[in-house]
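*Asks:* So you can see what is in the structure, the chains are spelled out below.
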Amino acid sequence: MGEAQLVKNCLSGRAESQELLYRRYASKMFGVCLRYAKNKMEAEDIMQEGFIKVFQNLKNFRCDGSLEGWVRRIMVNTAINYYKSNLKYLQTLDIDDCSNNDNISVEATDNISLKTLLSLIQKLPEGYRMVFNLYVIEGYSHREIADSLGISENTSKSQLSRARKVLQDKLKTINAVCYEQIA
Amino acid sequence: MNRLHDNDLDRLFAEKLDDFRVEPPERSWKKVAAGIAITTTVSATALSNFIRPVVWSLSTIATVILVTVTNPSSNTEYAARPMAEVNEPAVSLQIDKMSSLIAMEEIPVNYIEAAPALIPVNIPVVETAEADIAETDQPPIALTETEIPLDMPEYLALLPAANLSVPLISWQPQLLKAPDLQQHDKNIIPAWFELSYQTGPDIMDFGMQNNGRITSLAINNGVDLSFHFSDFYLRTGISSMNLIQRNQYDYALNEYQQVGEYTMVDSMSFIQGIDSAGNPYAIPQYYTSSHPVYDSVAVEHSTNASDNYQYLEIPMSLGIQKDIRRFSLYAQGGFSYAFLLNASEKTPAEFYEETGNQPLSWQSQSLSRNKDFWSFTLAAGVLYNANTRLSFGVEPTYRYCISPFYAGDERLGQAPVSYGLKFRLVYKLSF
Chain A
0 MGEAQLVKNC
10 LSGRAESQEL
20 LYRRYASKMF
30 GVCLRYAKNK
40 MEAEDIMQEG
50 FIKVFQNLKN
60 FRCDGSLEGW
70 VRRIMVNTAI
80 NYYKSNLKYL
90 QTLDIDDCSN
100 NDNISVEATD
110 NISLKTLLSL
120 IQKLPEGYRM
130 VFNLYVIEGY
140 SHREIADSLG
150 ISENTSKSQL
160 SRARKVLQDK
170 LKTINAVCYE
180 QIA
Chain B
0 MNRLHDNDLD
10 RLFAEKLDDF
20 RVEPPERSWK
30 KVAAGIAITT
40 TVSATALSNF
50 IRPVVWSLST
60 IATVILVTVT
70 NPSSNTEYAA
80 RPMAEVNEPA
90 VSLQIDKMSS
100 LIAMEEIPVN
110 YIEAAPALIP
120 VNIPVVETAE
130 ADIAETDQPP
140 IALTETEIPL
150 DMPEYLALLP
160 AANLSVPLIS
170 WQPQLLKAPD
180 LQQHDKNIIP
190 AWFELSYQTG
200 PDIMDFGMQN
210 NGRITSLAIN
220 NGVDLSFHFS
230 DFYLRTGISS
240 MNLIQRNQYD
250 YALNEYQQVG
260 EYTMVDSMSF
270 IQGIDSAGNP
280 YAIPQYYTSS
290 HPVYDSVAVE
300 HSTNASDNYQ
310 YLEIPMSLGI
320 QKDIRRFSLY
330 AQGGFSYAFL
340 LNASEKTPAE
350 FYEETGNQPL
360 SWQSQSLSRN
370 KDFWSFTLAA
380 GVLYNANTRL
390 SFGVEPTYRY
400 CISPFYAGDE
410 RLGQAPVSYG
420 LKFRLVYKLS
430 F
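From first to last, the protein sequence lines stand for chains A and B. Start counting the first sequence at 0; every next residue gets the next number (numbering that gives the first Met the number 0). Start counting the second sequence at 0; every next residue gets the next number (numbering that gives the first Met the number 0).
Since the hints were derived computationally from the structure, they do not count as laboratory data. Careful: at least some of the hints might be erroneous.
Claimed, not checked - Derived lysine-lysine pairs resembling DSSO-like cross-links, with alpha carbons at most 27 Å apart:
id : chain 1 : residue 1 : chain 2 : residue 2
1  : B       : K345      : A       : K37
2  : A       : K37       : A       : K27
3  : A       : K58       : B       : K30
4  : B       : K345      : A       : K58
5  : A       : K39       : B       : K30
6  : B       : K15       : A       : K114
7  : A       : K7        : B       : K427
8  : A       : K169      : B       : K30
9  : B       : K29       : A       : K27
10 : B       : K15       : A       : K27
11 : A       : K171      : B       : K15
12 : B       : K345      : A       : K156
13 : B       : K370      : A       : K122
14 : A       : K83       : A       : K122
15 : A       : K37       : B       : K30
16 : B       : K370      : A       : K83
17 : B       : K30       : A       : K83
18 : A       : K164      : B       : K15
19 : A       : K39       : B       : K15
20 : B       : K427      : A       : K52
21 : A       : K7        : B       : K15
22 : A       : K52       : B       : K345
23 : B       : K370      : A       : K52
24 : B       : K29       : A       : K58
25 : B       : K30       : A       : K27
26 : A       : K7        : B       : K345
27 : A       : K52       : B       : K29
28 : A       : K83       : A       : K52
29 : B       : K321      : A       : K114
30 : A       : K7        : B       : K30
31 : A       : K58       : B       : K370
32 : A       : K156      : A       : K58
33 : A       : K39       : B       : K29
34 : B       : K29       : A       : K37
None of the values given here were measured: they were computed from a predicted structure.
For reference, chain A alone in the conformation it holds in the complex (with noise of 0.2 Å):
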């Protein structure tokens, strides 16, 4: 079934098709949903909200674009205002904490797999995390970041630069285990 045909019979009330429309792109969207939360439970919470903003607004959906597109759009914004709705449970993070310099090969990340890579970009700071996944996956530019969470443009800068040494220490830490064990 094509998506203007699905958009249609969801429209009409079908309930199939409501399910048929998120069976098709779940998965997609639950990966995206677990990059934007701290743990799984969360996730679920964003997902399940942002599929029923996408069936609430479906009739704002124009044809001529990709429903996937759209879709994935309205759930990072979900992400995002779940984000600044648990501002005040924020982590903070020291500075001195992510200040190691030292680099790791190329080559070493080659044989990490997709649930290491999650599991490290769950674990930054919520802050971190949605500057990280909104310039590195999404590609926005941080004047958009900004926009988005409410912060100046330098802030987003340099929270990116901040979740990126993040990420290069826990690499790093990584990195030297797989050497150790396989030496």
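Chain A is already provided as a structure; the job is to place chain B on it using the hints.
*Replies:* Below, chain B without anything else, positioned relative to chain A:
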């Protein structure tokens, strides 16, 4: 060993996680399905959202009417004034029987006399035998003569003094002028209703977005019903707000454009050359020219359009009004509930009709609007009372949206403020 630079790190995460898929637990769909069902129910309660403010307003008005009408103390002017003139005869008037006509339970203090006023008369001395007095064993009556007050001549004229042996204390309505049943209307300021028509522009300020401040014009037209009690009033009604917003649309057009160049050999000639061995040979000379290559390509464009959004608004305000000669000054504050009735946005077909160009794609760049929003409005105005029924005036307003105007992400400018000027025509209704 190459060092992992920022770009490498970014690429590592972007490539591996961009298409990352994880199957969610089955319970997620059940929750989403339940959420959709609730949303459907909520859309059914949209009607309730519409009715609720009206019911609230009507019930408030009804309560205020009830309290105002049944509570005599609500009108201080009434209590301070007597119900009849004090130069009535000094007899015990049972005013409470008349006062019930004007829904008054208390008798003004002026008329609660401790004892009935006796009309002093000269009681004629009857020649009674002293024996008769003795037979009755009654104490002798002390006869005294009292002067008749000169301020009651009319009663004296009517009273047969010779036959009168008891004081005049009974109710004699024929001696009083008929009570003026309309008199209380002059003293009581009753509650009343007003019907008004208002119209005027609103400048909505959405704050800074992207490159500048976003403002839009809205035209309001509405009918209000207000209930006035004492100096206060409650006002509700229905109003149409036609919001004109400038939206940007991105579209693609097939255009015949230069996509490159080709080189054509126009002519050639040969010149004679000599190789290293001393043999002659012909060297070709090419005369070329460059020519552009055109083809049909999709080109992205942007255009702006003024779109109309029609909202239906239900205001509920509480205000205070003071009359100064022929002018009435008032100030009010309250909440408004507005919901989107109709959105008229530019379509690709309209664009084609205007320009003759059929767009390949058409995408609005503006944020989608919420179907409804709440706002808080402050207003003050002045009315000129042309006569007892008709007034007109102007009313500057300030409105602050207390719920999101735009759907989706909570960006700056989603809750606009507006500055307006309304022209109001008021017709006072009888209560």
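*Asks:* Would the hint linking K15/B and K114/A be met if the CA-CA limit is 27 Å?
*Replies:* holds, 10 Å
*Asks:* Holds or violated: are the alpha carbons of K30/B and K27/A at most 27 Å from each other?
*Replies:* holds, 18 Å
*Asks:* Hinted pair, alpha-carbon criterion (27 Å max): K15/B, K27/A. Please report holds or violated.
*Replies:* Roughly 13 Å separates the two Cα atoms, so the pair holds.
*Asks:* When you check the alpha-carbon spacing of K39/A and K30/B, does it fall within 27 Å?
*Replies:* holds, 15 Å
*Asks:* Compare the distance between the alpha carbons of K345/B and K156/A with 27 Å, and conclude whether the hinted pair is satisfied.
*Replies:* violated, 38 Å
*Asks:* So if I understand the rule, the pair passes when the alpha-carbon distance is 27 Å or less; does K58/A with K30/B pass?
*Replies:* holds, 21 Å
*Asks:* Is K37/A close enough to K27/A, meaning Cα to Cα at most 27 Å?
*Replies:* Since the Cα atoms of K37/A and K27/A sit roughly 17 Å apart, the hinted pair holds (cutoff 27 Å).
*Asks:* Take a quick look at whether K29/B and K58/A sit within 27 Å of each other, Cα to Cα.
*Replies:* This hinted pair holds, its Cα atoms lying about 22 Å apart.
*Asks:* Mind checking the alpha carbons of K370/B and K122/A for me, to see if they're no more than 27 Å apart?
*Replies:* violated, 38 Å
*Asks:* Quick one, are K30/B and K83/A close enough, alpha carbons at most 27 Å?
*Replies:* holds, 23 Å
*Asks:* Assess, step by step, whether the Cα of K7/A is no farther than 27 Å from the Cα of K427/B, and give holds or violated.
*Replies:* violated, 52 Å
*Asks:* So if I understand the rule, the pair passes when the alpha-carbon distance is 27 Å or less; does K7/A with K345/B pass?
*Replies:* holds, 21 Å
This entry does not satisfy hints 1, 7, 8, 12, 13, 20, 21, 29, 32, going by the numbered hints stated previously.
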